[in-house]
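Residue numbers (our numbering), protein chains in the order written: chain A, 467 to 791; chain B, 796 to 895; chain C, 86 to 265.
Do not rely on the hints blindly, as some may be mistaken.
For lysine-lysine, the following BS3-like pairs were computed, each having C-alpha atoms within a straight-line distance of at most 30 Å [what the hints assert, rightly or not]: (1) C:K121 / B:K882; (2) A:K527 / A:K474; (3) C:K121 / A:K601; (4) A:K601 / B:K882; (5) C:K224 / A:K787; (6) A:K474 / A:K531; (7) A:K770 / A:K787; (8) B:K882 / B:K894; (9) C:K224 / B:K894.
Rather than coming from a laboratory, the hints here were simulated on the basis of the structure.
Please read all numbers here as calculations on a predicted model, not as lab measurements.
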Amino acid sequence: MAEINFTKLLVHLVVLVDVVLLHVAYATYFERKVIGHMQMRMGPTRVGPMGLLQPIADGIKLFFKEDIIPAAADRPLFYAAPIICLVAMLSCLAVLPFDPNHVLADLNIGLIFIFAMSSLASYGVVLAGWASNSKYSFLGGMRSMSQVISYEIAMGLSLVGVMMMTGSLNLGQIVAAQAASPFGIYAIPQFIGFFVFVVSMLAETNRVPFDLPEAETELVAGYCTEYSGIRFSLFFMAEYIGMIVMASIGTICFLGGWNGPFTVPYVPFFWFLLKIYAIMFFFFWVRATLPRYRYDQLMDLGWKFLIPLALANILLTGLMKTVLE
Amino acid sequence: MIPVSWYLTLAAILFSIGVYGFLARRNVIIMFLSIELMLNAANLNLVAVSHYLTDLRGQILTFFIIAVAAAEAAIGLGIVVALFRNKATVYADEIAQMKG
Amino acid sequence: MNLSISPEAVPLIREGIFVGLIIVTVFGALLATLAKRMTRAVLGLVVCFLGIAGIYYFLNSPFVALMQLLIYVGAVAVTICFAIMLAEPDERKLAAKTPGMAGPLAVLLGATVTWVLAGTAIKAEWMAPAVKINEGSVKDVGVSLLTTYSMVFELVSIVLLIAILGSLVIARSGRDKAEC
């Protein structure tokens with residue numbers, strides 16, 4: 467058994483988590499700026515130059531806010547729910563390859579691990595909805611659960627095409643196989659899969675137009691209605707880390723991972739980051755553009771359109787693979 | 796190397812907890828949870844033995860058990876929900892219509 | 086500062102993690118069967134499943150471990166949650182609901198089962214574990230699922246299909262009655 471170097475592991479871990487949390491903080495800033503400019507506003511401008519310190523001010527505000535726990539809440543579950551969400555989402559980060567040499571855990575079945583963790587995160591949301599003991603939270607939790615379960619099937623099936631083309635579940639190998647494929651990215655040969663993935667990615671992360679679990683106009687804030695201060699910020703971080711993880715999966719499986727048109731010296735993860743930012747921008751763009759779906763439309767879209775489409779994609783990929791070989 | 800008997804003992808303990816839950820609790824959903832525990836104990840045995848015999852058969856069988864357990868969950872919980880709609884109870888001993 | 090761990094300490098750490106997983110599993114199982122509130126029972130079940138998934142990982146079967154997480158935690162436990170939320174049973178009655186003799190008898194039976202099974206497991210002469218550790222790789226599992234066990238595989242998919250249809254019929258029939 468090889469010697470385990472703890473120091474290296476710890477440094478890697480700390481840097482990874484810090485970088486991602488920084489990204490989470492500035493994703494909120496980016497979101498507000500992007501949506502602001504799309505709606506002919508300025509977005510945050512007051513704190514720091516061009517409002518650049520806004521996320522830090524928000525963070526400080528959230529950390530020092532009073533932590534209110536409803537009297538009728540089921541306390542242990544109420545405490546556990548945001549932690550479950552955040553831990554599940556953070557552990558997804560371990561298997562993501564940012565460049566050929568930077569992956570914390572080079573798991574052979576990394577893709578399935580991410581699915582497993584995101585289903586665990588949905589469990590945290592359900593618990594939050596139940597433990598808060600409030601109507602809005604309850605409805606939000608129910609909606610989120612059914613939505614995440616439904617769209618997880620579509621998302622899993624949309625990635626089966628990629629798995630078939632690569633023959634591997636290791637994220638690093640998926641990127642390597644993609645670089646060797648004729649187009650360089652799977653988004654072109656797997657365009658049906660990519661479409662299904664993008665739609666279910668929006669639904670999995672509870673983003674507009676599928677933000678029914680936390681629809682402000684009808685459910686206050688859905689499952690996190692009763693949460694405040696630091697506990698709310700844990701949910702918030704989990705949601706944004708979820709977005710980053712989904713963007714990374716999209717980048718790795720469909721957009722060629724860390725490979726780009728040319729190699730950038732000294733910054734091996736340049737293209738990876740650029741692609742993630744592009745997908746994040748897409749998230750915000752959709753949010754500023756599209757209205758919310760109705761609940762039955764959401765379920766119809768998932769079960770009657772996306773899942774059959776993803777199944778057809780699997781069949782097509784299989785056919786193409788046999789024909790081409 | 797952890798001896799195989801540890802795994803089997805753990806599986807036995809889990810199975811007994813399942814047996815206890817199934818017999819002592821009258822709530823249909825908790826009884827259902829206990830069945831899941833017992834199935835998991837069986838799975839644990841299979842995977843442990845599969846590991847120690849370096850044979851994949853145990854793992855394959857575990858997959859089938861997991862699939863059947865998922866089917867069972869869907870049906871079982873469908874029944875629970877239908878039962879609650881009709882009788883407004885989830886306690887096994889309150890469903891005594893057939894009692895003479 | 087260099088916190089590297091010597092190779093001798095690795096088995097010790099492995100055993101420590103293993104014992105931790107056993108404790109988590111048994112704690113989860115106890116919570117699942119003894120909890121007063123049903124959501125806590127489901128949480129216990131999830132904890133138990135997580136522990137078991139960890140133990141599968143120890144047994145060199147990472148694929149089974151992740152399937153355990155995906156299907157048991159992600160599907161079965163969440164479905165149970167759904168059932169609880171849809172049924173919303175009266176939780177106050179839960180505590181009082183243990184008919185007289187059932188509790189002690191069940192404890193007795195459980196203890197006997199443990200005694201017999203664990204006794205057999207400990208006393209039996211197990212053959213020495215094989216030197217070659219099976220890789221439990223996804224590829225091997227997939228190949229044998231689609232060759233040796235393809236018939237069973239097809240049958241299981243039919244079982245799943247029938248289960249989906251059956252649960253839809255059961256759940257919908259109740260709703261129709263309520264509507265008319």
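Cross-check of the supplied hints:
no., hint, in the structure
1, C:K121 / B:K882, "holds, 22 Å"
2, A:K527 / A:K474, "violated, 34 Å"
3, C:K121 / A:K601, "holds, 22 Å"
4, A:K601 / B:K882, "holds, 24 Å"
5, C:K224 / A:K787, "holds, 18 Å"
6, A:K474 / A:K531, "violated, 36 Å"
7, A:K770 / A:K787, "holds, 26 Å"
8, B:K882 / B:K894, "holds, 15 Å"
9, C:K224 / B:K894, "violated, 54 Å"
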